[in-house]
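Number of protein chains: 2
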Amino acid sequence: MISLDKNKFLIILIAPSGGGKTTIRQAVLAREDDVEYSVSFTTRKPREGEVDGVDYCFISLEEFTERIEQGDFLEHANVHGNLYGTSHSFIKNKMNAGKHVLLDIDVQGAKQILGKGVNAVTIFILPPSESILKKRLNRRGTDTKEVIEHRLKNAASEIDQIRHFDYLVINDKVEDAIKDVICIIRSEEKKIERLENIKDIFYGG
Amino acid sequence: MISLDKNKFLIILIAPSGGGKTTIRQAVLAREDDVEYSVSFTTRKPREGEVDGVDYCFISLEEFTERIEQGDFLEHANVHGNLYGTSHSFIKNKMNAGKHVLLDIDVQGAKQILGKGVNAVTIFILPPSESILKKRLNRRGTDTKEVIEHRLKNAASEIDQIRHFDYLVINDKVEDAIKDVICIIRSEEKKIERLENIKDIFYGG
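Protein chains in written order, with this note's numbering: chain V, 68 to 272; chain Z, 68 to 272.
These are computed hints drawn from the structure, not numbers from a lab.
Hints are supplied without guarantee of correctness; some may be wrong.
Where chains are identical, the list cannot tell them apart; a pair therefore holds if satisfied intra-copy or between any two copies.
As a list, the in silico DSS-like pairs of lysine-lysine whose alpha-carbon atoms are at most 25 Å apart [claimed, not checked]:
#	residue 1	residue 2
1	201	112
2	161	201
3	166	240
4	266	246
5	183	161
6	266	201
7	159	183
8	212	266
9	161	240
10	178	159
11	183	202
12	266	220
13	166	202
14	258	240
15	240	266
16	183	240
17	166	212
18	178	258
19	166	258
20	220	166
21	266	202
22	159	201
23	201	166
24	258	112
All values derive from a computational prediction rather than experimental measurement.
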């Protein structure tokens, strides 16, 4: 029997702030048993209720530095004095266990990862128009007018770099966008270039 | 609003005899409004019940030869003295009308089409194993033992050429295979490389 189980890859969701990538990521992880989350490593202290290995992998500055030296981070960044990184060994372990790995990240982080030559499927998520993005940022009610203006400017420069990525999912209705992402994953795992020994398996089955 | 309407392409289903490509093709065409069939052109006379433009486009040998000279056929073949061909202008007209075009063909025909540099998505359909393919050919009851042996040999040489194509869909349960093909179409139309003016549209919306 031909099985696609060994054909696992990294799925990167990229979206401007307000694009809806967190909601989509959570829904895909909840629905698809063979997709797992790439938990970020950080030197930040856990906040109330955060679980090590679930929300983040909380590590010391020493361990973080060691992992940088070993080349384990596909990307890392300093945010307000805390370090955050995406661990290659973490992702490889999940893949070896037969899982796709899902990651949501900004454009810069995604470009860093692609620069490492990782086998990744990149999905850019975008609301249908700027006016809808603006409406959603306003409706969230978490940002000041200035922050929203800043986010819209960032969105423009992120969209400028969309050609680096594979797929565009329009987040008009979130349920459709979730299904689109799942469909892209299911479609990508059927790519012949990813499959090995098709003939052996066909005749061995 | 970003629309994917202009992003139409040719979808080629390829399968060994008994692979189930006719059933899958018919189901996809019945379910998806924006996918149309690439009707073959032939010099063969219509059989009882066959409708011109639906089952085939029935044309004279003169017209067929003229179309060959004009380079209109993406592929053509002589089968038992009758000519059959896939018309580029037919497909382009459908695409200009906002439709994907679906075609089912053998490996040789698919390779001829790809050689013309057409923007096509190629999907190879295969039963899960040779023993299942054999069972299905026997169950059909339309072929002699010798013909079945011949078909199985052909299948082997077709599978040898699978690397020329984009996707592999395993036809274990036909309903799943139909959904897989539809999912590949929906996923392919989200490829950023196919999309134009994303930014203009986002800001124009």
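These are the hints, each one checked on the structure:
1. Neither within a single protomer nor between protomers do residue 201 and residue 112 lie at most 25 Å apart by alpha-carbon distance, with minima of 33 Å and 61 Å respectively.
2. Taking the shortest Cα distances, residue 161 and residue 201 never come within 25 Å of each other, neither inside one copy (37 Å) nor across copies (37 Å).
3. With identical chains, the CA atoms of residue 166 and residue 240 are at most 25 Å apart between copies only, with a shortest distance of 23 Å across copies and 27 Å within one.
4. For a Cα distance limit of 25 Å, the shortest separation of residue 266 from residue 246 across copies, 24 Å, qualifies, whereas the shortest one inside one copy, 31 Å, does not.
5. For a Cα distance limit of 25 Å, the shortest separation of residue 183 from residue 161 inside one copy, 18 Å, qualifies, whereas the shortest one across copies, 41 Å, does not.
6. Proximity of residue 266 to residue 201 under the C-alpha cut-off of 25 Å is restricted to the inter-copy arrangement: shortest distance 15 Å between copies versus 52 Å within a copy.
7. Proximity of residue 159 and residue 183 under a CA criterion of 25 Å is satisfied intra-copy only: 14 Å inside one chain copy versus 40 Å between copies.
8. In this homomeric assembly, residue 212 and residue 266 come within 25 Å of each other (Cα to Cα) only across copies, at 23 Å, whereas the closest approach inside a single copy is 59 Å.
9. Taking the shortest alpha-carbon separations for residue 161 and residue 240, neither the intra-copy value of 30 Å nor the inter-copy value of 29 Å comes in at or below 25 Å.
10. In this homomeric assembly, residue 178 and residue 159 come within 25 Å of each other (Cα to Cα) only inside a single copy, at 19 Å, whereas the closest approach across copies is 36 Å.
11. Taking the closest pair of Cα atoms, residue 183 and residue 202 never come within 25 Å of each other, the shortest separation being 36 Å inside a single copy and 47 Å across copies.
12. Taking the shortest alpha-carbon separations for residue 266 and residue 220, only the inter-copy value of 13 Å comes in at or below 25 Å, while the best intra-copy value is 51 Å.
13. Within a single copy, residue 166 and residue 202 get their C-alpha atoms no closer than 36 Å, and across copies no closer than 33 Å, so neither meets the 25 Å cut-off.
14. In the homo-oligomer, the alpha carbons of residue 258 and residue 240 lie at most 25 Å apart only across protomers (19 Å), although the nearest pairing inside one protomer, at 28 Å, exceeds that limit.
15. For a Cα distance limit of 25 Å, the shortest separation of residue 240 from residue 266 across copies, 20 Å, qualifies, whereas the shortest one inside one copy, 41 Å, does not.
16. In this assembly of identical chains, residue 183 and residue 240 lie within 25 Å of each other by CA distance neither inside one copy nor across copies; the values are 34 Å within and 39 Å between.
17. In this assembly of identical chains, the alpha carbons of residue 166 and residue 212 never lie at most 25 Å apart, being 41 Å within a copy and 43 Å across copies at closest.
18. Both within a single protomer and between protomers do residue 178 and residue 258 lie at most 25 Å apart by alpha-carbon distance, with minima of 23 Å and 17 Å respectively.
19. For the identical chains of this complex, residue 166 and residue 258 are neighbours both inside a copy (17 Å) and across copies (23 Å), given an alpha-carbon limit of 25 Å.
20. Taking CA atoms no more than 25 Å apart as the test, residue 220 paired with residue 166 passes in neither setting, with 36 Å inside one copy and 36 Å between copies.
21. With identical chains, the CA atoms of residue 266 and residue 202 are at most 25 Å apart between copies only, with a shortest distance of 18 Å across copies and 53 Å within one.
22. In the homo-oligomer, the alpha carbons of residue 159 and residue 201 never lie at most 25 Å apart, since the shortest distance is 38 Å inside one protomer and 39 Å across protomers.
23. Proximity of residue 201 to residue 166 under the C-alpha cut-off of 25 Å is found in neither arrangement, the shortest distances being 36 Å within a copy and 33 Å between copies.
24. In this assembly of identical chains, residue 258 and residue 112 lie within 25 Å of each other by CA distance neither inside one copy nor across copies; the values are 41 Å within and 39 Å between.
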